[in-house]
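Chemist: Chain residues, written in single-letter form:
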Amino acid sequence: LMKSFSSLSIWTLESLSGLGEDGSSIGSDSEINGLAVRRTDKYGFLGGTQYSEGSDKDIRVDVARQRELKWLDMFNNWDKWVSRRFQKVKLRCRKGIPSSLRAKAWQLLSNSKELLDSNPGKFEELEREQGDPKWLDIIEKDLHRQFPFHEMFAARGGHGQQDLYRVLKAYTVYRPEEGYCQAQAPVAAVLLMHMPAEHAFWCLVQICETYLPGYYSAGLEAIQLDGEIFFSLLRRVCPMAYRHLKKFKIDPILYMTEWFMCVFSRTLPWSCVLRVWDMFFCEGVKIVFRVGLVLLKQMLGSVDKLREVQGMYETMERLRNIPPESVREDLLVQEVVSLAVTEALIERECSIQVRKWRESRGELTHQPVRRLHGTRDIHEHKRRASAISSGGSFSFLGSIPPPGPLRASSSLLSLPGFRKSKTPFQEAEEKNGATAPRDSA
Amino acid sequence: MGSDEAYNFVFKVVLIGESGVGKSNLLSRFTKNEFNHDSRTTIGVEFSTRTIQLKSLIIKAQIWDTAGLERYRAITSAYYRGAVGALLVYDITKHLTYESVERWLKELYDHADPHIVVMLVGNKTDLGSERSVPTEDAKDFAEKNGLLFLETSALESTNVETAFQNVLGEIHRKVSSKEVTRGSISAVSLSSPVPRAAGDPEEKKPCCRNL
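Chains A and B supply the protein sequences, listed in that same order.
Residue numbering for the first sequence follows this note's numbering, beginning at 34 and increasing consecutively.
Residue numbering for the second sequence follows this note's numbering, beginning at 797 and increasing consecutively.
By construction, these hints were calculated from the structure, which means they are not laboratory data.
Hints are supplied without guarantee of correctness; some may be wrong.
[Claimed, not checked] Here are the computed lysine-lysine pairs in the DSSO-like style, where the Cα-Cα straight-line distance is at most 27 Å:
#1 A:K167 <-> B:K902
#2 A:K174 <-> B:K890
#3 B:K902 <-> A:K282
#4 A:K174 <-> B:K902
[Stated by the list, open to error] Partial chain B-side listing against chain A, Cβ under 8 Å, derived:
#5 S815
#6 R836
#7 V841
#8 Q858
#9 L865
#10 R867
#11 I871
#12 F937
#13 A938
#14 G965
#15 E966
Note that the coordinates shown come from a computational prediction; the quantities given were computed from them, not determined experimentally.
Backbone N, C-alpha and C define an ideal beta-carbon position, used for all residues, glycine too.
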């Protein structure tokens, strides 16, 4: 592969066209022999729709410093904070994780840090494996097609693309039965913008197996199910948008596939992507549902807005290209935080949709795995698992078995915790004013 | 899209074929006259429109671009609904992408209107020196299967216009010769030539006899 990289390491200006007349000096500082002239925004974007025009307000230095100290304090007693003061952790994630500490915070929130520490050398071992050429071929084709406007991934064969290859390949070796799904590439790329390949790998593992199990698996059943759950939640949250989409027969998978599979990383202005990911790592898939619902409310939630999108294509066009100026970071977070969509509601809707699926389409080919709803849930799961095994180094701590073929004896409803309408966590959350359901069913 | 112009027909056309054969670039070349070496992978579906004049008629082409990776085929049936044309694309330098054409064709006929107009498109003729699919092979295959056929280069803008024009023309020919059934004609949505009426084009009555 390295050979093909060197033959490909031509600076492709075409991908950066429109970025300035003296295009030759544009690029990642590491790729252009010390002639680097950086024209990136503060997130590393050189252009494209996710380029930030510098309108984002920076928080004051003293406030930023305060926040960093608070986070460093949490890092030092992480388990205690999660088990005893989780509401505070959640609140701080909602306020936005300081960018200097984001990588470490994501790894702690997702528990990928523990996977990393308990599997020394595993990543290297996976890298040394040959890998299935079927996947490697597709991965290679995709390397230059992820965030082509980000300095890290703009150069063919550059460090960003090489690391992306390492992470994605390692995953196909780690889970040969899962292989590679294209939406994993942008997710891995976002992680690589923050952390080294090995760390990004374990973080990706947690996303694919704990946060969003089945999203990237063959058949894409999990994403289709979540599409149905999403649509049904929309009916409660914004009936006007729901009726509009129903009227024009716009299936959820037509617009939410990319949103959910890439956790909005290709959809929102970058400052919003980071805030969404901060909350997502802490609170889980609920955040993905909520962001999607807030967007639909925003795009299709009033008579005036609907007047502009009378038709299937007009509507699709609007949903595929959300104008960046219509998504304000603070407003988005505020709306996401106050939306009355709880884990309990999602789980309840999930069991309804699984039943409907079985009635209309027969058995699911992949056993629906109960996903863990963020940091607290992962922590609880880990505690229970170690209580059961209680035998020292348990190597897949915090991880749950990957989705596999349906076993006759296991049904979704028999999975522990699935039937319970409320876990202690949800009760605790509902007590918290910020997320109290306004119209709980 | 800013497409406030009047039109006589709306034709939905889908782009299918393996990942990396150039579907998204064929789309952007046709609708925006753009080409990007590093265009993002398509996840789910993208689409774009362009209005063209065909003789005295204004036709609005709504072109749906789908993800090529096999995994996404599970959710493609919704993309095919209502499509009256398809460009089945392979890469002339990658024989494997040509070998899967038959599978794509089956997929298409399983989900789309049986009268759908299909063109087999061999893309990337700019890489002629790396060609691994002989033109004649593909041409024969297309003939045997009743498909239109053309080789294109989205990069050099060769035959892209012609490919889409031919497909749209053939769709129009089928529609006006009433080869299509009533059921499928409703998928070919029509609007009055005067200012575009708002509403679901698919719900409008077919009115080609008025044209």
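Chemist: Run every hint past the structure and note whether it holds.
Modeler: Verification of the supplied hints:
1. A:K167 <-> B:K902: holds (22 Å)
2. A:K174 <-> B:K890: This hinted pair holds, its Cα atoms lying about 12 Å apart.
3. B:K902 <-> A:K282: holds (25 Å)
4. A:K174 <-> B:K902: With Cα atoms ~25 Å apart, A:K174 and B:K902 stay inside 27 Å; holds.
5. S815: This hint holds: B:S815 lies near chain A, its Cβ roughly 6 Å from the closest one there, short of 8 Å.
6. R836: Cβ of B:R836 sits 5 Å from chain A, so the hint holds.
7. V841: holds (6 Å)
8. Q858: holds (6 Å)
9. L865: With a closest approach of 5 Å, the B:L865 hint holds.
10. R867: holds (5 Å)
11. I871: Check passed: Cβ of B:I871 comes within 5 Å of chain A, closer than 8 Å.
12. F937: violated (23 Å)
13. A938: violated (25 Å)
14. G965: Violated, because the Cβ-Cβ distance from B:G965 to chain A comes to roughly 22 Å (cut-off 8 Å).
15. E966: Since chain A brings no Cβ nearer than about 22 Å to B:E966, farther than 8 Å, the hint is violated.
Of the numbered hints stated above, those contradicted by the structure are hints 12, 13, 14 and 15, listed in ascending order.
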